[in-house]
Amino acid sequence: MAKDVEGPDGFQTRDYEDPPPTPFFDAEELTKWSLYRAVIAEFVATLLFLYVTVLTVIGYKIQSDTKAGGVDCGGVGILGIAWAFGGMIFILVYCTAGISGGHINPAVTFGLFLARKVSLIRAVLYMVAQCLGAICGVGFVKAFQSSHYVNYGGGANFLADGYNTGTGLAAEIIGTFVLVYTVFSATDPKRNARDSHVPVLAPLPIGFAVFMVHLATIPITGTGINPARSFGAAVIFNKSKPWDDHWIFWVGPFIGATIAAFYHQFVLRASGSKSLGSFRSAANV
Amino acid sequence: MSKEVSEEGRHGKDYVDPPPAPLLDMAELKLWSFYRAIIAEFIATLLFLYVTVATVIGHKNQTGPCGGVGLLGIAWAFGGMIFVLVYCTAGISGGHINPAVTFGLFLARKVSLPRAVAYMVAQCLGAICGVGLVKAFMMTPYKRLGGGANTVADGYSTGTALGAEIIGTFVLVYTVFSATDPKRSARDSHVPVLAPLPIGFAVFMVHLATIPITGTGINPARSFGAAVIYNNEKAWDDHWIFWVGPFVGALAAAAYHQYILRAAAIKALASFRSNPTN
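If you read the protein sequences in the order shown, they are chains A and B.
Here the first sequence is numbered in the UniProt record's numbering, starting from 1 and rising by one per residue.
Here the second sequence is numbered in the UniProt record's numbering, starting from 1 and rising by one per residue.
Where hints are given, some of them may not hold.
Straight-line C-alpha distance at most 35 Å; calculated DSBU-like pairs for lysine-lysine [what the hints assert, rightly or not]:
(1) K67(A) - K30(B)
(2) K183(B) - K190(A)
(3) K117(A) - K183(B)
(4) K142(A) - K241(A)
Think of the hints as simulated: they come from the structure by calculation, not from any bench.
Take these sequences, add in the hints, and give me the full structure.
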């Protein structure tokens, strides 16, 4: 639980404070280099994320294709693909957490925007940078192995045979809920206070959340839970099947992020009922 | 962001970027810590190559297609060993274990030229000895199964391999810079948070992606050690890729981190400020 500290006049005070809601429009941040540095960092991080992960996917499919020189158990396996996604999120969030917050995912940006932790301007800029970075990352993979890339599905997300649209959508919603909920928990000031304000490698559970969801959802949709990832692959692969299913990979993640934001802010942190606490005389309660 | 401390109305950051390392630092040549660091880099690279190349040969020596540890296991061997060895040697030599990392840190003025050169030589020698141990222990399968050497795989062009090595090394060196950044340390309240783990994961990730293309170099000492002991024409023909690619990638990572993320050039113009700690 939160450590209560006896304040003056006998009132309890907590040793953490929730930051105030970020203003919707913060024109002042447009004048600072830190905003543009953050946008650049998101672009580069998403580029590297898509490059490594899609390259891993294509490499696995090449090496396990027994009709074209591959072997059974060739390649890193689907487990390796899940590790690639989760591991890359871990190291990239680690590298960019102090610069941009380490979102690398429009759904995470959207969830944090709903929770008033980023401004509208910043949220939009991040999402654009993430989508552009994703396109460039997959573009690198195609440039490096054009024929392999096209022959083996381009790393694109689409519904696998045997699953219907509702199942795909639900898988994306729940998968993104897991991820964004983990992000909220990892960045919660109350949890930070519980850890005595000592940093504990917060990017690691976020990376593991991505890893876990990929283990579960790769058979269904190849796992989106990141609209930029799905968008980048769809743009570069540019076939009708990925585009037909593409709406699932924006609607699902955004709904999942909304539910996670609501759950964390209103159920776990009870911020709705706290706003009714204005009758209390101590501002810190 | 960094925590700012208010002193007499002026804001100072609670971290200080270390001054650039002198290009030539003859004083450190007289210190035992310099030679201890070189020995540590040699031993670390030797162990790294021994474990990883033995894993590669063991996997290829399997009885059936599913008998070995798999490419995932090989990637884990590389990433896991870097994590373990960086953890062990970070406080002694900085835990480079990779000439590309040393080169990147040299460009960022974090190590001196004599130290950088000495580290690279030690790493290459350690790599040769490490692979030599593997060959001594499993002579016949070593020769028959490619010696763990890095070559461009069939179906991939030289340009693709070079590009893969550049981007792969960028990921690794960028992670190293982030892990060792004093600003990040201040953000973590100067409490250590297992910085070697993301570095090991970066190596693991790049191996997952790039093993099908080149067997993954991103470490010139690793490629050099295997090429020397295996001593095969194909390995030597492609060998330049595994020095040019990593060094270009390290340069790009150093420039990105120093000039974009840390805005070092802009800070150089800040000398007009009255507070030198800003």
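Hints versus structure:
For the suggested pair K67(A) and K30(B), the alpha carbons sit about 62 Å apart, so the restraint of at most 35 Å is broken. As the CA atoms of K183(B) and K190(A) are separated by approximately 23 Å, the hinted pair is consistent with the 35 Å bound. For the hint linking K117(A) to K183(B), the alpha-carbon distance of about 22 Å falls within 35 Å, and the restraint holds. Straight-line distance between C-alpha atoms of K142(A) and K241(A) comes to about 18 Å, which keeps the hinted pair within the 35 Å bound.
The structure fails to meet hint 1 from the earlier list, while all remaining hints are met.
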